[in-house]
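K.L.:
Sequence:
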Amino acid sequence: MRTLDVAALLGWPFRDVHVAYAQERTMLHALCIGLGGDPCDERQLRYVYEPRLKAFPTLALTLGLTDDAGFLHDERVGIDFSRMLHGQTGLRWHKPLAAAGEVTSRFAIEGLSDRGALKGSLLRFSRTLRDRATGDLLVTETGVYMLRGNGGFSSGLDAGEPSMAPVPIPAGPRSQCMELDTLPQSALLYRLAAGDRTGLHASPALARQSGFERPVLQGGCSFGVTAHGLVAMLCDYEGDRLRAMDARFTAPVFPGERLRVEVWRQGPRSAAFRTTSLPRGVVVLDNGTCEFEAP
Numbered sequence: 001m002r003t004l005d006v007a008a009l010l011g012w013p014f015r016d017v018h019v020a021y022a023q024e025r026t027m028l029h030a031l032c033i034g035l036g037g038d039p040c041d042e043r044q045l046r047y048v049y050e051p052r053l054k055a056f057p058t059l060a061l062t063l064g065l066t067d068d069a070g071f072l073h074d075e076r077v078g079i080d081f082s083r084m085l086h087g088q089t090g091l092r093w094h095k096p097l098a099a100a101g102e103v104t105s106r107f108a109i110e111g112l113s114d115r116g117a118l119k120g121s122l123l124r125f126s127r128t129l130r131d132r133a134t135g136d137l138l139v140t141e142t143g144v145y146m147l148r149g150n151g152g153f154s155s156g157l158d159a160g161e162p163s164m165a166p167v168p169i170p171a172g173p174r175s176q177c178m179e180l181d182t183l184p185q186s187a188l189l190y191r192l193a194a195g196d197r198t199g200l201h202a203s204p205a206l207a208r209q210s211g212f213e214r215p216v217l218q219g220g221c222s223f224g225v226t227a228h229g230l231v232a233m234l235c236d237y238e239g240d241r242l243r244a245m246d247a248r249f250t251a252p253v254f255p256g257e258r259l260r261v262e263v264w265r266q267g268p269r270s271a272a273f274r275t276t277s278l279p280r281g282v283v284v285l286d287n288g289t290c291e292f293e294a295p
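Residue 1 is where the sequence shown starts when you use UniProt numbering, and the numbers rise one by one after that.
The set of hints was computed from the structure by calculation and includes no laboratory data. Hints are supplied without guarantee of correctness; some may be wrong.
[Said to hold, decoys possible] Computed list of lysine to aspartate or glutamate pairs in EDC-like fashion (alpha-carbon distance at most 16 Å, straight line):
no.: 1; residue 1: K54; residue 2: D67
no.: 2; residue 1: K54; residue 2: E291
no.: 3; residue 1: K54; residue 2: D236
no.: 4; residue 1: K95; residue 2: E291
no.: 5; residue 1: K119; residue 2: E179
[Stated by the list, open to error] Cβ-Cβ distance ranges computed for the label pairs, FRET-style:
no.: 6; residue 1: G11; residue 2: P279; range: 40 to 50 Å
no.: 7; residue 1: P204; residue 2: H73; range: 36 to 46 Å
no.: 8; residue 1: R15; residue 2: D136; range: 43 to 53 Å
no.: 9; residue 1: D236; residue 2: S82; range: 41 to 51 Å
no.: 10; residue 1: L85; residue 2: D16; range: 24 to 34 Å
no.: 11; residue 1: A133; residue 2: A171; range: 16 to 26 Å
no.: 12; residue 1: F14; residue 2: H86; range: 13 to 23 Å
Even glycine gets a Cβ: it sits at the ideal position worked out from N, Cα and C.
With the hints as extra help, turn the sequences into a complete structure.
P.N.:
Laid out in structure tokens, this is it:
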């Protein structure tokens with residue numbers, strides 16, 4: 001286990017990150033998560049074609065997250081980045097993202113829980129996206145990083161709960177399901193959309209060093225493909241109706257796999273969901289919850 005400097009981590013001087021993005025980035029993100037898969041579906045084309053272009057909600061995950069992530073690689077902090085996994089992500093949309101514009105991202109650490117030398121630790125974080133010109137709050141992101149290589153650094157430290165208790169999937173039959181394909185090159189495309197240069201998603205050698213047979217798909221892309229399915233099934237491809245979404249990452253997705261998104265409606269404005277890799281029969285996103293506006 002690598003030694004973690006808890007004081008340096010919790011005291012890291014996060015800053016406002018200003019991110020300008022153009023329509024091309026908006027469309028690339030949408031293509032990465034399968035929109036435009038039916039090029040004659042006008043509902044999908046609104047996210048990948050300039051006339052009346054709209055931003056798909058999970059574009060938020062690509063804007064600014066990697067621009068203030070120096071603490072993950074700083075030797076003074078001591079995070080073993082090669083063994084870090086993204087454990088959970090949640091998004092709440094307060095206002096729709098523009099198809100092009102400039103936003104301000106602000107990252108914060110909410111808590112750190114030591115699970116011991118063998119299990120590592122959990123880092124809970126939050127992030128906000130605001131319109132740079134108006135200051136309006138657009139999106140709030142919450143999440144958990146699993147620091148598998150950093151544990152046993154304290155006796156009894158628990159700087160906040162690591163994550164919310166998982167929401168069980170209902171036992172009854174599902175309400176709807178949808179299958180979506182990822183592309184063999186999905187991870188290579190998404191790294192351009194998100195500005196994420198992590199080698200795990202591109203280099204076979206680095207992926208093997210991390211214990212994977214080949215490069216894995218970014219969690220943000222898997223989350224986006226799942227959101228695509230939710231918006232299709234629950235919102236008739238009207239992305240602005242998706243208000244909140246949260247899920248745990250339970251297994252990696254490999255580019256090119258077909259994913260099944262299953263939904264259990266829990267009322268007129270909420271649902272539970274999970275996502276499964278069909279080739280392997282493995283649940284990759286679990287304990288999912290979402291909120292959406294009725295038509």
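K.L.:
Which earlier hints turn out false for this structure, listed by number in ascending order?
P.N.:
1, 2, 5, 7, 8 and 11
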